[in-house]
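Per my numbering, the very first residue in the sequence shown carries number 216; after that it's consecutive.
If you're looking for bench data, these hints aren't it; they were derived computationally from the structure.
It should be emphasised that the depicted structure is a prediction, and the values quoted were computed from it without experimental measurement.
Where a beta carbon is used, it is the ideal one built from N, C-alpha and C, also for glycine.
There could be a bad hint or two in this list.
[As the list claims (entries may be wrong)] Cut-off 20 Å, straight-line C-alpha distance, at most; resulting in silico cross-link-like pairs (EDC-like, lysine to aspartate or glutamate):
1) Lys393 with Glu380
2) Lys490 with Glu477
3) Lys506 with Glu477
4) Lys254 with Glu278
5) Lys482 with Asp418
6) Lys432 with Glu413
7) Lys506 with Glu413
8) Lys490 with Asp378
9) Lys509 with Glu404
10) Lys341 with Asp492
11) Lys433 with Glu404
12) Lys368 with Glu404
[What the hints assert, rightly or not] So the derived label-pair ranges between C-beta atoms look like this:
13) Pro411 with Gln290: 28 to 38 Å
14) Ile259 with Lys370: 55 to 65 Å
15) Gly268 with Gln422: 50 to 60 Å
16) Gln483 with Cys429: 17 to 27 Å
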Amino acid sequence: MLERIHLEILNAIKEHGTLTKAADSLHLSQSALSHSIKKLEGQIATPIWKKDGRNLRLTAAGERIQTLANRVLPQFLHTELLLNQIAKGEMGSLRIGMECHPCYQWLLRVIQPYLEQWPDIDMDVKQEFQFGALGALLSYEIDILITPDPLFKPKIVYIPVFDYEHRLVVSASHQLAKQDFVLPEQLSEEVLFSYPVEPQRLDIFSQFLNPAKCSVKKHKNIETTEIMLQMVAAGRGICALPGWLVDEYSKSMPIKSIRFGEKGINKQIFIGIRKTDQNIDYLNDFIAQAKKTK
């Protein structure tokens, strides 16, 4: 009953709003588009859209089909791309989504030797997914997810690629800078800067402050690592970052990293891929290169 063209039409209507623009975007005539939908409406015995002035508004049935289109059409496109590349003898494409917000510099060290090994691979790093890329991986918008906080799903496999210590970052002139480690209650009057991630996914809360029933004075979100560390260096607040990253920035900035508690917070960077892609050679070689890059 449902065909791919129906999904594409509903997506186009949702995006463009009018029959004319939807037909143009699909390179169809308005009559062909209307005929296809009327035939489907006759089969399911319910309207798919209604006219709202010059625009079209999807009905409940239309919205349900359009939801299916959002989920299925990217998989069609992904598979067609792979089939086309196989037919042409090409290797494929690699689209990377980042949830490890400070890991971009590390990723550059992975990419350079990898591209030399796989010159036919087309690579793209999707920054727009850096604060929630699991959905993009599941919907075939990316092929690899780099994250320190995997959310395990049946269709996804995560491979650990390297270990690191998550550390508190303060100004070099901060009163805590001379300590080897910090206790939760010592942060009660601090302003905490973090990436715009849900607090429950931030290790400083989930593994350090919350278990001790402590908190900070104020919590502010900053999207970029450099601005965050500039604020910390200026004594405006504190943040929490991977120790290896702080070591790099501390060479040029007056900042200091401190262990969380006596035992510290030990973390791993994971690469997530779809289980159905586990046998793709160029994906496996990317993971192998990531494992040996520090």
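Evaluated hints:
1. Lys393 with Glu380: holds, 19 Å
2. Lys490 with Glu477: violated, 38 Å
3. Lys506 with Glu477: violated, 28 Å
4. Lys254 with Glu278: Cα-Cα ~18 Å, so holds.
5. Lys482 with Asp418: holds, 9 Å
6. Lys432 with Glu413: At roughly 17 Å apart (the allowed maximum being 20 Å), glutamate 413 and lysine 432 satisfy the hint.
7. Lys506 with Glu413: This hinted pair is violated, its Cα atoms lying about 28 Å apart.
8. Lys490 with Asp378: violated, 23 Å
9. Lys509 with Glu404: violated, 35 Å
10. Lys341 with Asp492: holds, 19 Å
11. Lys433 with Glu404: Roughly 8 Å between the alpha carbons, so the hint for lysine 433 and glutamate 404 holds.
12. Lys368 with Glu404: violated, 38 Å
13. Pro411 with Gln290: 28 to 38 Å: holds, 29 Å
14. Ile259 with Lys370: 55 to 65 Å: Since isoleucine 259 and lysine 370 have Cβ atoms about 29 Å apart, the given range 55 to 65 Å is violated.
15. Gly268 with Gln422: 50 to 60 Å: holds, 54 Å
16. Gln483 with Cys429: 17 to 27 Å: Given about 25 Å between the Cβ atoms, the range holds.
This entry does not satisfy hints 2, 3, 7, 8, 9, 12, 14, going by the numbered hints stated previously.
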